[in-house]
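Q: Based on the sequences and whatever the hints tell you, model everything.
Position in the sequence shown (from 1) plus 113 gives the number in the numbering used here.
In short, the hints are calculated from the structure, not lab data.
Computed from a predicted structure; not experimentally measured.
A portion of the hints provided could be inaccurate.
Restricting the straight-line Cα-Cα distance to at most 25 Å, the calculated cross-link-like pairs of lysine to any residue (SDA-like) are [said to hold, decoys possible]:
#: 1; residue 1: 312; residue 2: 297
#: 2; residue 1: 298; residue 2: 312
#: 3; residue 1: 298; residue 2: 275
#: 4; residue 1: 292; residue 2: 281
#: 5; residue 1: 298; residue 2: 236
#: 6; residue 1: 312; residue 2: 229
#: 7; residue 1: 300; residue 2: 245
#: 8; residue 1: 312; residue 2: 233
#: 9; residue 1: 300; residue 2: 253
#: 10; residue 1: 140; residue 2: 155
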Amino acid sequence: MYEPYPVPDLAREHKKFRYSSLWTFAKQDLRLLAFLLVIACFIGFGIGYFWICISLAFAVFFMIQLRSLYLVNEWISNRPYDSPPNLDGIWGALLFNVYRAQRQERVVQAEMVGLIDRAQSSLVALAEAVVLTDELHQIEWWNPAAERLLGIQQLDRGRNILTILRQPAFIEYFNNIDKSPDGIKIKSSVYDEHYVQVKLTRFGSESRL
Numbered sequence: 114m115y116e117p118y119p120v121p122d123l124a125r126e127h128k129k130f131r132y133s134s135l136w137t138f139a140k141q142d143l144r145l146l147a148f149l150l151v152i153a154c155f156i157g158f159g160i161g162y163f164w165i166c167i168s169l170a171f172a173v174f175f176m177i178q179l180r181s182l183y184l185v186n187e188w189i190s191n192r193p194y195d196s197p198p199n200l201d202g203i204w205g206a207l208l209f210n211v212y213r214a215q216r217q218e219r220v221v222q223a224e225m226v227g228l229i230d231r232a233q234s235s236l237v238a239l240a241e242a243v244v245l246t247d248e249l250h251q252i253e254w255w256n257p258a259a260e261r262l263l264g265i266q267q268l269d270r271g272r273n274i275l276t277i278l279r280q281p282a283f284i285e286y287f288n289n290i291d292k293s294p295d296g297i298k299i300k301s302s303v304y305d306e307h308y309v310q311v312k313l314t315r316f317g318s319e320s321r322l
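A: Right, dumping it as structure tokens:
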């Protein structure tokens, strides 16, 4: 499978937590808070300012969480395609899940691009002419056979298809596809005494193939 981006070390390290519950990550934050409170207790009893030291411990823990929140926001806003910051606890779990979702989306995008490329290559190789028009009936894409059989050129990109194939029968068919489900035969504008069989398919709102 095509891998568009290398796997950062952080993603590898977090793979072992893939099926862990949120409690696994929350315990890291709780252990940090417990450590800060224990240190604050010893210092508070030693200097006689117990509750002030406890309050400072909670303040330090809160500042650490704010810093983690800042790093998460900064990464998501400015560097979403870089390796995420290495954080522990709940914020680390959040980063891992966001990064994993991004990687899965990139893999799907790469697969879709590959599928579109293969489909386009197949259309290019067809002997039949293929032309794609947008909602305004302007030519978006065509294969080499369309140049040979319909006379479409590079300068026709963005032109209305009805200004190129101007035969009344084609215009009537283009505007009323359902009346001729098997398509129509029109005179070739490229080769004298030749005809082409045209079959239109509507997709989207007003696009045509």
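Q: Each hint needs a verdict: does it hold in this structure or not?
A: Right, here's what the structure says about each hint:
This hinted pair checks out: residue 312 and residue 297 have alpha carbons roughly 7 Å apart, not beyond 25 Å. With a C-alpha separation of about 9 Å, the suggested pair residue 298 and residue 312 falls inside the 25 Å cut-off, and the hint holds. A threshold of 25 Å between alpha carbons decides the hint, and for residue 298 with residue 275 the separation of about 16 Å falls inside it, so the pair holds. As the CA atoms of residue 292 and residue 281 are separated by approximately 15 Å, the hinted pair is consistent with the 25 Å bound.
Restraint check: the Cα-Cα separation between residue 298 and residue 236 comes to about 21 Å, which is no more than 25 Å; the hinted pair holds. Restraint check for residue 312 and residue 229: the C-alpha separation of about 22 Å stays at or below 25 Å, so the hint holds. Of the pairs offered as hints, the one joining residue 300 and residue 245 holds, with about 20 Å between alpha carbons and a cut-off of 25 Å not exceeded. Of the pairs offered as hints, the one joining residue 312 and residue 233 holds, with about 19 Å between alpha carbons and a cut-off of 25 Å not exceeded.
Annotation: proposed proximity of residue 300 to residue 253 holds, straight-line Cα distance about 23 Å (limit 25 Å). Pair hint residue 140 plus residue 155 holds up; C-alpha atoms about 22 Å apart against a cutoff of 25 Å.
When the structure is compared with the earlier hints, no violation turns up for any of them.
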